[in-house]
Amino acid sequence: MITQIDVRGVLARVVPDHLTDLVTRPTGRAVRSSIEEELALLTGRTVVVLDFSAVRIIDCSCADEIVAKLVAASLADAGRDAFFLLRGLTDEQIEDVEVVLRGQRLALVAEASGTLRVLGEVADQARLAFARLATRGEARPEDVAQDLACSLEEARAALDELVVRRLVMREAGNYRPLTAA
Amino acid sequence: MSAVVEVPQRFDERSFEQFAAAWARADAAAKIILDAHACEWISPYGLVALLAAGQALRERGAEPRFTVPRDRDVAHFWGRMGFFDHARELYELHGTVPRVKAGESKVLLAITPVRAAEDVHTVVHHIQEKSAAILTGELGLDSRATIGFGMALSEACQNIVEHAGTGGWVCVHAYTWWKSTRVAVIAVADAGVGFRHTLEPTQGARYGERWGDGAALEAALLQSMSRFRDQGRGQGLAGIRRYLGRWQGKISIRSGTARIAIVPPWDDDAPLTEGLAPFPGAQVQLVIPAGAGEPR
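Read top to bottom, the protein sequences are chains A and B. For the first sequence, the numbering used here begins at 23 and goes up steadily by one. For the second sequence, the numbering used here begins at 44 and goes up steadily by one.
Warning: the hint list may mix true and false statements.
To give an idea of the chain A side of the interface with chain B (calculated C-beta under 8 Å), a few residues [unchecked claim]: (1) VAL121; (2) VAL122; (3) GLY125.
I should point out that these hints are in silico values taken from the structure, not numbers from a laboratory. Even for Gly, the Cβ is constructed at its ideal location relative to N, Cα and C.
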């Protein structure tokens, strides 16, 4: 299941005077709180697309309060099977979000210019595995091992790290990237 | 005993040290007069610093006086920047205060108080809605730089809300830098507790004997340290640094007796200066040069 969340829409709902700018921690907390209420209604495995397309500014404080804290809370909640995918950020905003995530050793997937990429901190081999998976669309560990010229164990470890970090999905022995389509 | 603190004839971040030294000497005086009658030019930094000086004097119970610039055009400029609207709450004003509306002309952002997160929204919204055309048109900033400008402005203002322990002011204006470069400048000042005080509980022990205003500024600006133990904190100044790095901008922060700067190739400021005259709170200046059309 895929759930699209228009972050600007959330902002307009919770802080009506601030229609397009995600700035300050109190605003970030209010937006996150509203998103968490939506997430609490979800059941089963869900790709949550956080769409920032209509947001003009997102400062680092808001990036931390919304993106980093949502990811951290999701990872800490074993009962929640949510995978986050960011969409609609500019290159500069992606860089800022990436630094915020790295600072807390977190990672998530962003869609930019039609391609998927991992933002934040993951092991090099896992990042390479993600790139192969994003290109292939779906793969078995054997495929990734062949692509990366590494052992099957190394490929499986890299893919499993991505699964644990909720950056890819594993279904029936196959691994596949998050898609927002 | 009364003391007169002269506002430099050309009052910007550089001549601020001259002002701060005089201000520190006058600190114990029962009556203090800030004399700007001979001032001929002032930067946004100078304007908000004067309000911070008044705030500090008020908080210690003084009733400072302020002499308005003698030059009519200069006083009008101060009026358009909104200085007198705020100064009359802090100072007993002497001289002719012009009747002009703050924010007229090409002022990017007249002096605006920053006391709460709500004020930060107001400031950012104003810059994006009213001033983007000046930033892109007159200064030739790339539209991406204009968006980042709002982010940097937000983080600089939030620094007051989260750390100063009091309110402060922000002002944004475009003018010609002393080396003839056209720039947009964000100036933020408060008379709060300063970086050293705010970081001491979490960072002081790490630095040991080195701890002081300079070390606190290094910890905040260069190492993204925060008074909060939350790992997500301390990103605001780091975000400003990245933005300025992309667009060849400059940041300087003065707090207590030290001043730190990240200096782009077009300027020759000192990276860190310690042992300055003590001045309360923090004063921050961000400078974006005109024609910052391509990110680095």
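Identify every previously stated hint that the structure contradicts and give their numbers, smallest first. none
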